[in-house]
Amino acid sequence: MGLGETVKEMPIVVMKGITKRFPGVVANDNIDLEIRKGEIHALLGENGAGKTTLMNILYGLYTPDAGEIYVRGKRVTIRSPRDAVDLKIGMIHQHFVLVPPFTVTQNIILGMKFPRGILNLEEAEKKVAEISQKYGIKVDPHAQIWQLSVGEQQRVEILKALFRGAEILILDEPTAVLTPQETKELFKTLRSLAKAGCAIIFISHKLDEVMEISDRVTVLRNGKVVATKKTSATNKRELAKLMVGREVVFRLRKARAKIGRPALQVEDLHALSDRGLPALKGVSFSVHEGEILGIAGVSGNGQRELAEVIAGVRKATSGKVLIFGQDVTNRSPKEIIDLGVGRIPEDRLQMGLITDLTVAENLVSEVHEKFSDKFFFLPAGIFLDHAQINNYAEKLISEYKIVTPSRDALTKTLSGGNLQKLILARVLAQNPKILIASQPTRGLDVGATEYIRRKLLEQKKKGAAILLISEDLGEILMLSDRIAVIYEGKIMGILPAAKAKIEELGLMMAGTPLSKIRGGRK
Amino acid sequence: MIGEVITATFIISFLAATLRMAVPLLFGTIGEAFAERSGILNLGIEGMMLMGASVAFTTTFYTGSLWLGVGVAALVGILLGLLMAFLTVTMGAQQHVSGLGVFFLGMGLSFYLYRIFVGELGGVPPTVTPFRPIYIPLLGDIPVLGPILFQQYVLVYIALLLVPIAAFIFDRTTLGLQITAVGQNPKAADTAGINVFRIRYLCLMVAGALSAIGGAWFSIAQSSMFLPLMTAGRGWVCIALVVFGNWMPYRILIGALLFGGIDALQTSLQAVGVAFPYRILQMLPYIFTIIVLVAVARRATYPAALLKPYRREE
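Chains as they are written, first to last, in the numbering used here: chain P, 1 to 522; chain A, 1001 to 1314.
If you are wondering where the hints come from, they were derived from the structure by calculation, not from laboratory data.
Worth double-checking, as some hints may not be accurate.
Stated by the list, open to error - With a cut-off of at most 27 Å between alpha-carbon atoms, the simulated DSSO-like pairs for lysine-lysine come out as follows:
| # | chain 1 | residue 1 | chain 2 | residue 2 |
| --- | --- | --- | --- | --- |
| 1 | P | Lys37 | P | Lys188 |
| 2 | P | Lys490 | P | Lys184 |
| 3 | P | Lys258 | P | Lys127 |
| 4 | P | Lys195 | P | Lys88 |
| 5 | P | Lys206 | P | Lys455 |
| 6 | A | Lys1187 | P | Lys138 |
| 7 | P | Lys334 | A | Lys1187 |
| 8 | P | Lys88 | A | Lys1308 |
| 9 | P | Lys113 | A | Lys1187 |
| 10 | P | Lys461 | P | Lys401 |
| 11 | P | Lys258 | P | Lys184 |
| 12 | P | Lys462 | P | Lys401 |
| 13 | P | Lys490 | A | Lys1187 |
| 14 | P | Lys188 | P | Lys230 |
| 15 | P | Lys241 | P | Lys229 |
| 16 | P | Lys461 | P | Lys412 |
| 17 | P | Lys206 | P | Lys462 |
| 18 | A | Lys1308 | P | Lys127 |
As the list claims (entries may be wrong) - Residues of chain P clear of chain A, computed beta-carbon distances all greater than 12 Å:
| # | residue |
| --- | --- |
| 19 | Gly117 |
| 20 | Arg164 |
| 21 | Asp268 |
| 22 | Leu477 |
Claimed, not checked - Which bits of chain A does chain P cover? Going by a derived footprint, with three or more residues having C-beta under 8 Å, they are:
| # | stretch |
| --- | --- |
| 23 | 1182 to 1188 |
| 24 | 1192 to 1202 |
We put the beta carbon where it would ideally sit given N, CA and C, even for glycine.
All chains should be built: construct the whole structure from the sequences, respecting the hints.
See below:
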């Protein structure tokens, strides 16, 4: 499907034999890639397959160790983004590169030349408005970036590229942060840009999207190109196999578990964000033993604050958190851990791990006082017993298949998937009765994701109550028994996963309460 | 007793002194604003000021040219700025550590060079003929305002002129937008085709030049000699002032005048011989620094990338 008829044969970008090494890895290994004018070309691969590295080379952020790049038939050397911009290449990064206190216009004109170096913001604003009208991309040129939603910020990034006359547009995992509706809007924009003659390179690891939006797809695995296909001549199963290198199971069987008594109850919870603004505005729900409650929503709608309040690291301003009926509101994290609550924090590197400690040390960081012996006349609890810690760590490393050079390796040397396994091992080893999992598979590749999801289901089968907070709607649908959607600190509705419809969830994620959606229909 | 002290003459001389005391603070703080807006905390500023004081004096001592002294001070400041830039921008070293290193270097070197070129410390130090206030015809005759505003040093006017110039650069030029972007989100700036390294080098050179000129003020305008540690921590005050001023030149001017005023108050009171322990008066500017920082710093919106080295391939 797509715009096959408008695809012209002339390649606008040719990359030949591109190789890029980082200490210890070959990120790109002799890669050939050809992009044509007016096509949407998907670059598909797991995390670490080398997609972003390749595009950072094309955008001048990295210099390749070997290989040649041709743009519009001419051999070029792209040393910096400035060179790329001069070649009419634009890149929209996965993590937006905007200056939050600047306005939309200031961000768009950043780095551009003005006569005598004096800014003329009024004229620039007019031009921004013109371009946004021309391509039908709606943004307020006066708004400051921090006031905009994620979808709007992405539009600013696209405008920024178009303003510089980009004809080759690279988008790095652009849908990762969008609601289903925003994704639809983005795809519409991309199609009209392609129709206008832009070449669009779309980096993704989501098969459904690649099938929907692209004209051709190049699959990368371990830094190598495994295939380039016409999208209409392939299918999801084949692409998955190319991407992972083996057959992939798309559906995990949701094990039935006996639903027990309520384990975690949250009643009319209010809390403030770091900025001191209300982040939770009366959240209520309960999670039972043997149940997974999924919290769906676009990031930044109070998910982080919710997990933190329950774990005791953020104060609730009002409302209650009950664990097996016991009021634990605003208790210390330690007390809450001791009641059997385990937590997989949203941000592995910042909140979950101390990356300059060893793997073994991180594995015992929440329970280290248990590994302590009396020392002469001093009581237990002062000195660590390293022999015991090491045994324990070895056991967990093998049980959870954590790939690490040794238990004494610094944690920062581990890959993302193994970091997450480490956290999982640390939490699950305590047999938590309640598990709060925030974005447990974000940024992980297909293999690690599958592993983590299986472990969560296993835990549920053992009778744990699990609160699953995820931006990945597919994950929520796959694992949850019930789904709650959060929007601006309020629950828009809770419904059984079996009866959930994607469109309904999407509307709820964008702020329409369930009662209104269902009520409106009758 | 207060009534005897607070006379019209006292107020006029106090306000004129306020402006003068604000001069080194303005030079230093505007320079620091350039550095910090680009994301570099220049803790070397006190050392740069001391070097400025030292080389300005020595140059003037040998050549008799005050302006050559100012020029050489600026040049040496630029060199120290380049050193700071090399450490923090090119090498990606910790800004605190590099800044303190530059401070100690400047402090030590300022004595050392003075001893080599001028002579041993101790005894009565040699002097130069320092800058003199200039009298602006007609305007200088205006009662009250004349003596305060129009019988001042040229360096006072230059310092005051720096404020609108810096404000214009920050707010109305592409360079200013680029500097602020580099200090807020260097990655965004880099991807927009701005050379982060070049901007940071440039800002540190400006910071070095301005703070060294601020230092020169002490040895060839405010006094006529170089003394070890004569800047007496004004560089550190600048680091507080830039926070007080929220990195905006006009607010920095207010802060510099406020601090200058307190400085002037203590010297003026001492001069008229108020029976009060002068050591307590001398403490005032520093106590005030602490109070202001406690009050203001919590609400300050620091450049988001301050203290963070920028590396591309990470």
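Hint check results:
Of the supplied pair hints, the one linking Lys37 of chain P and Lys188 of chain P holds, its CA atoms being roughly 18 Å apart against a limit of 27 Å. Pair hint Lys490 of chain P plus Lys184 of chain P holds up; C-alpha atoms about 24 Å apart against a cutoff of 27 Å. Proposed proximity of Lys258 of chain P and Lys127 of chain P is contradicted: the alpha carbons are some 61 Å apart, above 27 Å. Restraint check: the Cα-Cα separation between Lys195 of chain P and Lys88 of chain P comes to about 17 Å, which is no more than 27 Å; the hinted pair holds.
At roughly 22 Å between alpha-carbon atoms, Lys206 of chain P and Lys455 of chain P fall within 27 Å of each other, so this suggested pair holds. As the CA atoms of Lys1187 of chain A and Lys138 of chain P are separated by approximately 25 Å, the hinted pair is consistent with the 27 Å bound. The straight-line distance between the Cα atoms of Lys334 of chain P and Lys1187 of chain A is roughly 38 Å, outside the 27 Å bound, and the hint therefore fails. Under the criterion of a C-alpha separation no larger than 27 Å, the hint pairing Lys88 of chain P with Lys1308 of chain A is inconsistent with the structure, at around 31 Å.
A hinted pair counts as satisfied when its Cα atoms are at most 27 Å apart, and Lys113 of chain P with Lys1187 of chain A qualifies at roughly 19 Å. Our distance criterion of 27 Å between C-alpha atoms is met by Lys461 of chain P and Lys401 of chain P, whose separation comes to about 21 Å. For the given pair, Lys258 of chain P sits about 39 Å from Lys184 of chain P by alpha-carbon distance, which is inconsistent with the 27 Å threshold. The straight-line distance between the Cα atoms of Lys462 of chain P and Lys401 of chain P is roughly 20 Å, inside the 27 Å bound, and the hint therefore holds.
For the suggested pair Lys490 of chain P and Lys1187 of chain A, the alpha carbons sit about 34 Å apart, so the restraint of at most 27 Å is broken. Distance restraint check for Lys188 of chain P and Lys230 of chain P: the Cα-Cα separation of roughly 20 Å lies within the 27 Å cut-off, and the hinted pair is therefore satisfied. Between the alpha carbons of Lys241 of chain P and Lys229 of chain P the distance comes to roughly 13 Å, so the proposed pair stays at or under 27 Å and holds. At roughly 32 Å between alpha-carbon atoms, Lys461 of chain P and Lys412 of chain P are farther apart than 27 Å, so this suggested pair is violated.
A hinted pair counts as satisfied when its Cα atoms are at most 27 Å apart, and Lys206 of chain P with Lys462 of chain P does not qualify at roughly 31 Å. Taken as a hint, the Lys1308 of chain A and Lys127 of chain P pair is broken in the structure, with Cα atoms around 34 Å apart against an allowance of 27 Å. Distance check on Gly117 of chain P: its Cβ comes as close as 5 Å (rounded) to a Cβ of chain A, failing to clear the 12 Å threshold; non-interface status is violated. Look at Arg164 of chain P: its CB is around 8 Å from the nearest CB on chain A, not clear of 12 Å, so calling it non-interface is violated.
The claim that Asp268 of chain P lies off the interface holds: its Cβ sits roughly 31 Å from the closest Cβ of chain A, which is beyond the 12 Å cut-off. Non-interface status of Leu477 of chain P relative to chain A is upheld: no Cβ of that chain comes within 12 Å, the nearest being about 34 Å off. With a threshold of 8 Å between beta carbons, the proposed coverage of the stretch 1182 to 1188 of chain A by chain P holds, since 4 of its residues qualify and at least three are required. Restraint check on the stretch 1192 to 1202 of chain A versus chain P: 4 residues with Cβ-Cβ distances below 8 Å, three needed, restraint holds.
When the structure is compared with the earlier hints, violations turn up for hints 3, 7, 8, 11, 13, 16, 17, 18, 19 and 20 and for no others.
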